[in-house]
Amino acid sequence: MTVGTVSISFSDLFAADSRQTETILFDIRLPRILLAICVGAVLSSTGAVMQGLFRNPLADPSLIGVSSGASVGASLMIVAAGGFIQSGALLGLSLVAVGAFVGGFVATLLVYRLATSGIGTSVTTMLLAGIAIAAIAGALNSLLSYFSDNDMLRQISLWQMGNLSGASWTKVTIMASVALLLMSLFPRDSRALNALLLGESEARHLGVDVQAVKRRLIILTALGVGVCVALAGLVGFVGLIIPHIVRLAIGPDHRWLIPASALAGATLLVFADSLARIVVIPAELPTGILTALLGAPFFVVLLLQQRKQV
Amino acid sequence: MTMLADNISLHLSGFDLLRNVSLEVEAGKVTAIVGPNGAGKSSLLKVITGEMEPSKGSVSLNQQPLSQWSLEKKAQMLAVLPQHTLLNFPFTADEVVGLGRIPHQTGSLKDAQIVAEALELVDASYLQKRFYTQMSGGEKQRVQLARVLAQIWQPCELGEQFLVLDEPTSAFDLSHQKLTLDIVRNLASRGVGVVMVVHDLNLASRCADNLVVFNGGVIEAMGSPEDVLTEQLIDKVFGVKSIIAKHPATQRPLVIT
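Protein chains in written order, with the working numbering: chain S, 2 to 311; chain D, -11 to 245.
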């Protein structure tokens, strides 16, 4: 909390006397840190869940189409609403956030529907449907960018880099309730996810209702990632790499993997966001740039270590 | 108490995989299924374990239609070892075997003890903390066998227990093939009904109470190995000339080709 454009010493934290210091601390920095914690936790725990569900350590939450859908929703709002964007708001959230959430939700629904037939949901089809939807979304995004003016273009690309700067107490409340919901519901399916790593029919023979577990986890992930993307834009990398790193460290048992990923994701995002606020003072970098810059080299180091062990 | 497949037919995308197959698997007996590739052995296993719905006929487990058991209760009575299990995540052997305890609420202490005993039984104690992804084919298969054994380690109050094995010994060396047969016989004497698909006729002859020969989606012959294994049958089903002798030690039929 002490770092940022206006430097506030550690002792001032507890003796914030001036109005200005108080505002900076409690209306800007504290909500931002809390938002970073929640977004980091949700992105990486849903990442862990998706990697288990798809039985693929390279899956990430965006696979089910939520991110690509959200980015179309957001771009559409930026372009369509134009100048209206600053004034338009719903429940204290910008229209962009609402657009992103709706876009993400619709895309996930589409992917899920495409992959579900009478005999259940095929994760392979879902993977492919996710790719198809992402391609369509990419095209729509380019189309929207083509028709937008300079200002809109800048807004779109900034949004796609992921940014926590707009943190407010409203956003923190929404994000924190979603994070709590996910953290309280995921443990119930941890063992089922472990069984699913063996394969779907093996999991069924172990008494797991595979279809119900899939449906539950996909809905929770869509909700969690949808809200993250709506409030903080596309913060990439966290959902893919954090669960992977944590798995290398503590193994694939989801009973530990999910909470540990949440913790590690929260830590990385707070750290990355703090850096984002100070590296180019008085301006700020988008957070998404730093999560990738920080995490990727660390990941490469881990991979190299693994290679040595084998 | 039995597992019963009554007059099963299975059609899939225009092919008749099974035609009017009836099979009774008794608790405490070993039923071995043999037959050429594509004869319908695995299809039958899929139907009796509830993985596929038969196009015609019905399957029951302990006097109740299979589909009426809840998944969890079914898992407490019926363990299934598939031919191949793809597991790309670095679980240790005891974690894999521990998955077999998912249908039970016996507490982690009891589970850990069962896991250790099951690994010991399949001669895989030394693998306990090793990563599944780094094991050889035979080691992986033994760990998976331990997993299904752990699943039916203790008798179940809901009814008799059954174990279904699809080519359990395909990756095993001689000593582990023998070990698997001993384990299967022991389970049967404890009252578990075992169904296994095997390719080695002599292996089947040695451990089966009931030998089922599949050919082209129908049951060609069924009964004790002595009655079933004849030179004519092997010629008809497999197209191979053979001599049936008696095993000097076990007195079971011995197929020499």
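Please note: incorrect hints may appear among the correct ones.
[Stated by the list, open to error] SDA-like mimics (lysine to any residue), calculated; alpha carbons at most 20 Å apart, straight line:
#1 Lys61/D to Asp210/S
#2 Lys61/D to Ala213/S
#3 Lys166/D to Thr238/D
[As the list claims (entries may be wrong)] What follows is a set of in silico ranges between Cβ atoms, one per label pair, in the way DEER data are often shown:
#4 Ser158/D to Ala177/S: 29 to 39 Å
#5 Leu305/S to Gly179/D: 49 to 59 Å
#6 Asp197/D to Val301/S: 29 to 39 Å
[Stated by the list, open to error] One-sided excerpt, in silico: chain S residues whose CB lies under 7 Å from chain D:
#7 Asn195
#8 Leu198
#9 Leu199
#10 Ser202
#11 His206
#12 Leu207
#13 Gly208
#14 Asp210
#15 Ala213
#16 Pro253
#17 Arg256
The hints are simulated quantities; they were obtained by calculation from the structure and are not laboratory data. Only a predicted model underlies this, so the values are computations on that prediction, with no experimental measurement involved. Quick reminder that beta carbons are idealized off the backbone N, C-alpha and C, glycines included.
Evaluated hints:
no.	hint	verdict
1	Lys61/D to Asp210/S	holds (12 Å)
2	Lys61/D to Ala213/S	holds (17 Å)
3	Lys166/D to Thr238/D	holds (14 Å)
4	Ser158/D to Ala177/S: 29 to 39 Å	violated (52 Å)
5	Leu305/S to Gly179/D: 49 to 59 Å	holds (54 Å)
6	Asp197/D to Val301/S: 29 to 39 Å	violated (58 Å)
7	Asn195	holds (6 Å)
8	Leu198	holds (5 Å)
9	Leu199	holds (6 Å)
10	Ser202	holds (5 Å)
11	His206	holds (4 Å)
12	Leu207	holds (5 Å)
13	Gly208	holds (3 Å)
14	Asp210	holds (6 Å)
15	Ala213	violated (10 Å)
16	Pro253	holds (4 Å)
17	Arg256	violated (10 Å)
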